[in-house]
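With the hints as extra help, turn the sequences into a complete structure.
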Amino acid sequence: MRTEEDIKTEIAILQSMSKNDKRAKLDISEYQHKIVALKWVLEELGDILDE
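At position 29 of the sequence shown the residue is numbered 29 (my numbering), and the sequence of numbers has no breaks.
Derived by calculation from the structure, the hints in this document are not laboratory data.
Note that the Cβ used here is the ideal one computed from N, Cα and C, for glycine as well.
Some clues are possibly wrong.
[To be verified] Restraint-style ranges between C-beta atoms, simulated for each label pair: (1) Ser16 - Glu44: 30 to 38 Å; (2) Glu10 - Glu43: 19 to 27 Å; (3) Ala12 - Asp50: 28 to 36 Å; (4) Ser29 - Glu51: 28 to 36 Å; (5) Glu30 - Glu51: 16 to 24 Å; (6) Leu49 - Glu5: 19 to 27 Å; (7) Thr9 - Ala37: 13 to 21 Å; (8) Asp50 - Ile13: 31 to 39 Å; (9) Ala12 - Glu51: 22 to 30 Å.
See below:
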(Lines of atoms letter the chains of each structure in order from A and count residues from 1; the text may use other names and numbers.)
(Lines give C-alpha, C1' and ligand atoms only; values in the text may rest on other atoms or scores of the structure.)
Protein backbone atom coordinates (compact mmCIF):
# COMPACT_ATOMS: atom_id res chain seq x y z
CA MET A 1 0.00 0.00 0.00
CA ARG A 2 1.52 3.30 -1.11
CA THR A 3 1.17 6.36 1.07
CA GLU A 4 0.41 9.85 -0.19
CA GLU A 5 4.09 10.67 0.47
CA ASP A 6 5.15 7.79 -1.84
CA ILE A 7 2.85 9.10 -4.56
CA LYS A 8 4.19 12.66 -4.16
CA THR A 9 7.74 11.31 -4.52
CA GLU A 10 6.73 9.43 -7.67
CA ILE A 11 5.13 12.61 -9.05
CA ALA A 12 8.34 14.57 -8.39
CA ILE A 13 10.37 11.90 -10.21
CA LEU A 14 7.95 11.90 -13.15
CA GLN A 15 7.98 15.70 -13.32
CA SER A 16 11.77 15.74 -13.48
CA MET A 17 11.64 13.22 -16.35
CA SER A 18 8.75 14.86 -18.16
CA LYS A 19 10.33 17.94 -19.76
CA ASN A 20 9.40 16.77 -23.28
CA ASP A 21 7.67 13.47 -22.52
CA LYS A 22 3.89 13.61 -22.97
CA ARG A 23 3.41 10.11 -21.53
CA ALA A 24 5.01 11.15 -18.24
CA LYS A 25 2.74 14.21 -18.11
CA LEU A 26 -0.28 11.94 -18.52
CA ASP A 27 0.99 9.77 -15.64
CA ILE A 28 1.31 12.87 -13.43
CA SER A 29 -2.26 14.00 -14.03
CA GLU A 30 -3.46 10.44 -13.40
CA TYR A 31 -1.70 10.45 -10.01
CA GLN A 32 -3.12 13.87 -9.16
CA HIS A 33 -6.66 12.60 -9.85
CA LYS A 34 -5.98 9.56 -7.64
CA ILE A 35 -4.76 11.78 -4.79
CA VAL A 36 -7.90 13.93 -4.99
CA ALA A 37 -10.09 10.82 -4.99
CA LEU A 38 -8.12 9.33 -2.08
CA LYS A 39 -8.52 12.50 -0.01
CA TRP A 40 -12.27 12.51 -0.70
CA VAL A 41 -12.60 8.87 0.37
CA LEU A 42 -10.60 9.50 3.55
CA GLU A 43 -12.76 12.53 4.40
CA GLU A 44 -15.93 10.50 3.84
CA LEU A 45 -14.58 7.66 6.00
CA GLY A 46 -13.71 10.17 8.71
CA ASP A 47 -17.25 11.56 8.61
CA ILE A 48 -18.73 8.06 8.86
CA LEU A 49 -16.49 7.18 11.81
CA ASP A 50 -17.41 10.43 13.58
CA GLU A 51 -21.12 9.55 13.48
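The hints, checked one at a time:
no. : hint                      : in the structure
1   : Ser16 - Glu44: 30 to 38 Å : 33 Å, holds
2   : Glu10 - Glu43: 19 to 27 Å : 22 Å, holds
3   : Ala12 - Asp50: 28 to 36 Å : 33 Å, holds
4   : Ser29 - Glu51: 28 to 36 Å : 34 Å, holds
5   : Glu30 - Glu51: 16 to 24 Å : 32 Å, violated
6   : Leu49 - Glu5: 19 to 27 Å  : 22 Å, holds
7   : Thr9 - Ala37: 13 to 21 Å  : 19 Å, holds
8   : Asp50 - Ile13: 31 to 39 Å : 36 Å, holds
9   : Ala12 - Glu51: 22 to 30 Å : 37 Å, violated
Of the numbered hints listed earlier, those contradicted by the structure are 5 and 9.
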